[in-house]
Structure formats: structure tokens, C-alpha cells
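S.K.: These protein sequences, in sequence, are chains A and B. Residue numbers are given in this note's numbering: position 36 of the first sequence equals residue 36, and the series is strictly consecutive. To convert, take the position in the second sequence, counting from 1, and add 49; that gives this note's numbering.
One or more hints might be untrue.
Computed far set for chain A versus chain B, every beta-carbon distance over 10 Å [claimed, not checked]:
#	residue
1	D35
2	R43
3	P47
Short derived list, chain A residues pointing at chain B, Cβ under 10 Å [stated by the list, open to error]:
#	residue
4	A7
5	G8
6	L14
7	V24
8	G28
9	G29
10	T31
11	T38
Have a look at the derived ranges for each label pair, beta carbon to beta carbon [as the list claims (entries may be wrong)]:
#	chain 1	residue 1	chain 2	residue 2	range
12	B	S592	A	G20	47 to 53 Å
13	B	L654	A	G20	33 to 39 Å
14	A	P47	B	V496	53 to 59 Å
15	A	R6	B	E185	53 to 59 Å
Bear in mind the hints are in silico, worked out from the structure with no lab data behind them. Beta carbons: idealized from backbone N, C-alpha and C, even for Gly.
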Amino acid sequence: MDIGFRAGQRVTCLMTPGFGAPRVYAVGGATYSLDRATAERIRTREPSE
Amino acid sequence: MKNILLVGAPNSGKSALFNQLTGLSHKVANYPGITVDVGTGALRADSRLTVWDFPGTYSLTAVSGEEQVAIDTLRTALKSDEQAVVAMVCDATRLEKSTTYCLQVARECAQAQKPFLVLLNMMDVIESDGLDMDVEGLSKALGVHVLPVSARTGQGLSEVEAALVSSPPEISTWGDTPDALISGTATQIAERFAPKGDLLVRRQAKLDSWLLGTFSGGVAFVMIMTLFFQAIFTWAAPLMDGVESIVIAMGSLIASVLPDGVLADFVNDAIFGGLGAFLVFAPLVFILTMIVGALEDSGYLARAALICHRPLSFFGLSGKSFVPLLSGVACAIPAIYAARTMSSRQERLLTYVAIPLMPCSARLPVYALLIAILIPDETVLGGIIGWQGLAMSGIYFFGIMTALIVAAVVSRMGDTATSSQAFILELPAYRMPALKPIMSKSLDRVVHFIRKAGSVIFVVTVVVWFLGYFPNGGEDLSSSWLAALGRFIEPVFSPLGLDWRYGVAIIASFLAREVFVGTLGTIFGIESADEDPASLADQIAASGLTAASGVALVVFFTIALQCVSTVALLAREAKSARFAVQLLLGYLVLAWLVAWLVYSVASLLLR
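Chain A on its own, in the form it takes in the complex (with noise of 0.2 Å):
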């Protein structure tokens, strides 16, 4: 499933909703929800390392 998550892509954070809800994060010019079990199998660095 390719949803933008490519080697070398800026990924960020936006928020942390409430009720427990998945994180949404910011990749392109889209914005997608990731439970953590799956956001946990995306590597990522930060932007200065």
C-alpha cells in the first residue's frame, strides 16, 4: 500500500487527537491516522542527524 511513506519523505506529527484516537501525521500534501502498531514499522530520523 503505497501511501507516501518513501525512503527520505519528511513525515510530521500534526497531533495527537483525543479519546485515545490513532496520531495523524503529515506526509506529502496528505494527511493520514496511524495506530501506533503500525506507525511503530516506519524507521525515521530526525531532520538534522
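Guided by the hints, dock chain B onto chain A, whose structure is given.
M.R.: Showing chain B alone in chain A's frame:
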């Protein structure tokens, strides 16, 4: 015959474009995964061309049933000898999510020697936000024809039609490109040509911080849902009163013209009493579809699905179940189709278990009739909140909670818990709902409601009238053939305080729930043949239906699965007739038991 295949990512506006190109009205919504089947229609500009509307997929790798359908159908069409043009619909405001899929399809089209072009949709948003989009540069980079268009405003549509009809696009040169190059090139193209700046994301994030916040999001959700249920009843009431007045006036007029006899009695009791009583509720369906349509178009549904994810997971469901369940408030049929977007079979089955308990529009006439009988038409808080509207909210709440509790019990009984399933949900951009398509969809829904249920109701009312009118010419309903049949089944319903008339109406309503109102309309029409015409609610109230029995009826209708179409579709979609029959029988027994319990308690309390 030449085919135009519209493909693209979810929520990129394929169905809206399909509707513009064909003049048809496929269901569209600002929510990913609304199209779950391949639809076709003739191109309005040239009826020799057929347009195909595919379910959205993010790539050529399927993760759910409806994505597999889309990909298989596309590959079959590409292999076929028939002429075909593939049009990739891309959301210009979110170009990044389409570029890889776009190049993958371009490659398959080149291998199959089929022409390919890109339709860059939602250009109205790009322009209204003052964003730049180098369409020509994008066309050169992709090596294919790119046409800017807005399915919403119709901008660029004539150029698209002209390109499809008169100058077929060329075959792309991506045929031998390896996967790695596709991926790298897609990223480069997206970085270079996607709208610069994060204006759209920032604007959306600002609204999200309010609508998804712990306190503000909860308040917004409760307010929107309260408005939803209040509006169904409050806004529809004047329209329903209008239709009822017309039905009663027409009935009186025709009765005064026709000579006394069987024909006059038939027209008065079966046509105006039975069919007329059902038609009164058509405005409710119109208002309900309008509100659901506005919510779908606004982009709020995905947010509601998100904040419901954790609470729903407690009941074994997930946020992905939210839209099918909310669709079930209008009708179980589209709700069952909507559940196709769930990748897990267990999750789908559990959602199927809950959908028939959602308070669908077919139950609305029954609820509205019983509320009109049991609850006074008074308001509080300066006329803002009506008791009848509150009662309707209460019934809906009861139905929804019953659905959730049953899902929770079933998920804990078997291996159907969904909490371990991956949850990925795209949050579409917010937008102002477009009134015209919503009105048109709502009218379509009303026509469908009247056609589908009306034909069944007509047949049932004629049969019920015949059995109730003879052998004594309508003189005494209690000695009619219908009464004899009704008394045979009366023991089943007498523990709920209901006599044979309600028993007959309940049995008839297993064809479709709306039949209940039409059947009672006919029965009470025969019974009060010589009296002044009055609304069915007034006639039933005057006949002495107790509050406890009225509440028991509401409970019975909330739980029982009285819809032949839903049972048939459940069997097909779940690929198990046994599953559908188990639900039918299980909900019938549960409906009777809970109704009996409620009747017993209410009888004690209201004594």
C-alpha cells in the same frame, strides 16, 4: 465500443468526474473508499464511448477486496482486444499520493499498448488558494498528456471530453521501467510539481486541532450528532404535515365523487389509508439523506471515524466500521457495500452483525408514527428542543447501543476481535458541501424509497384490504377473514399487549419494515370507514394502544431484521447463507424477548 477507464487513488474525485462525464449519479463522498465496485456509463459527449469508474487504490498492490476487484478488472481490460483509454485521476492538491501509482499504471498501459493520460482534478482548489501548478512541465516529466479539470465546478470538462472523443492520447514510454526507477522518479516528480507550501495541510490542521481535540472534539461530535437527529424530525415535520394534508384532502375529494360501494371503500382504505400513510414519511428520508450527504461531503466523517476508533475498539469494532455503521442509519444496503473497504474478513463480518441494528430509514416511518402516538408535540428551551425529537434521538441511541453491545458480545464469543488489525485512515481536506448534488441525491433516494417499498406496500395493502373487507363488505372488521387469520397469530404478540391487528402488520413488515405503516393504515381505514378522515396516528391513539405496548413495538422494530433485501445481500457479501439466516432468526428471537421484557417492566411502572 471504446472504453475509458477512470482509475486513481481513493478520494481523488473519480466518481464525481464519472458523474460529470456520464450524467449519472454514482455515490460520491469526501471520504476515502466510497466506491466499492466498478461502475459504467455512456460518455455524455459521445454515447459510443463507455466510461468505467474504478474503486480507488493507492498502488497496484491490493490490500482489500474492493482494491483487488479494481486491479483485476483493470488488468483484464488492458489485456482485452477492445479499445481502451486509461485516464488516471490525480488530486492536484495531494499529488504526492498519486505519482507512484500513476507511473505503475502508465507502465502497464505501455506494455499493453493502450493509450494513457492524466486528469489533474481539483484545480479549482489550487486556483482559489493561489497555488502554482506547472501542468505543462508535469506533462513533459510524465511523458503523457495531462489535462487540468475540476469535477466539482466542471472547469476543463469540455477539454477532457474533446480529448477523449476526438484526439485519443498517445501510448506512454514507461513500458520497460523497473520498479526502483518508478519509485525514484515518482518522488522526484512529486517534489518538483506538487503545490508548494503547506497551506492546505496547515488550514486542515487548524480545524483538526479543534474537531479532534479531547474536549472540543467531543463537544463537536455530540453537537453534530444531536443536530443530526433533531434535524431529521424537526425539519421534516412541516413537509410531512404538508404531504399528510394533501393525502387526506385528496382522499376526501375522491370519496365525495365516487358512489358508495366497494370501489369507494377500496380507494379510501387501501389507496389513501395504506399507501397514503406510507407516503407521509417520504420527507423524512429526504431530510435524512440530505444531512448524511452534507456530512459526507464536508470531510468530517473521517474525523468522526478517527475519534470513534478507540471507543469502537472496546466493542470489538474499529474506526473503519464507523462509516458503514453511519451509512446504516440511511439504509443497510449501502452500509453493507461500504464494509467492503475493510481488509479483514473478521472485521467485515462483525460490522455486518452490527449494521442491521442501526436505525435505518425504513424504521423511521414506524418510529415517527409511534412517537406521534406516544409523545406530546411540545417543545422546551424556547422551542429549540422538541420532546418528539428527543424521543427520536433516544430511540436512535438505543438502536446504536444495541448494535455495539451485540458486536461486543459476538467479538468476545469468537475470533472476531479487530483491535489487532492495522488502522490507516486518510483524512481528506475539508470543504463546503455542494448543495446541488446533495439535493439531487436526496431526491433520487426518495424516489428509490417510494418505488422499492411502494410496490411491496401496494400489493400487501391490496391483500390486507381484501381480507379485511370481506366477507361482510367492510361492515365489521372483527369478523373478517383478516381477523380470523390475525387471531391465529395473536398468541405470539399478546404477551407484548398487542392484538391481532398489530400482529398482522408485524408479519407483513418482514417483507420491508415500511409495510407496517401501510398495513395499519389499511386496517384502521376499514375500521373507521364512516368516520371523518384523520391521521393514522390519531386513529391508533383513539383505539387505545397502551404506552407499554407502544414502547414494546419500538423495541421490537429496533432489533428485528425485517428486510428481505438486507438478508439476501448479507448472504452474498458474507458468502454464507447460514450467517444471514442466523442473524435473521437470532434478531427475531432477541427482538421478541427484549420487547417482552420492556413491556413487562413498563406495564408495572405505568400502572
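S.K.: Take the hints in turn and mark each one as holding or not.
M.R.: Verification of the hints:
{"no.": "1", "hint": "D35", "verdict": "4 Å, violated"}
{"no.": "2", "hint": "R43", "verdict": "16 Å, holds"}
{"no.": "3", "hint": "P47", "verdict": "15 Å, holds"}
{"no.": "4", "hint": "A7", "verdict": "8 Å, holds"}
{"no.": "5", "hint": "G8", "verdict": "7 Å, holds"}
{"no.": "6", "hint": "L14", "verdict": "5 Å, holds"}
{"no.": "7", "hint": "V24", "verdict": "7 Å, holds"}
{"no.": "8", "hint": "G28", "verdict": "3 Å, holds"}
{"no.": "9", "hint": "G29", "verdict": "4 Å, holds"}
{"no.": "10", "hint": "T31", "verdict": "4 Å, holds"}
{"no.": "11", "hint": "T38", "verdict": "5 Å, holds"}
{"no.": "12", "hint": "B:S592 to A:G20: 47 to 53 Å", "verdict": "50 Å, holds"}
{"no.": "13", "hint": "B:L654 to A:G20: 33 to 39 Å", "verdict": "38 Å, holds"}
{"no.": "14", "hint": "A:P47 to B:V496: 53 to 59 Å", "verdict": "56 Å, holds"}
{"no.": "15", "hint": "A:R6 to B:E185: 53 to 59 Å", "verdict": "26 Å, violated"}
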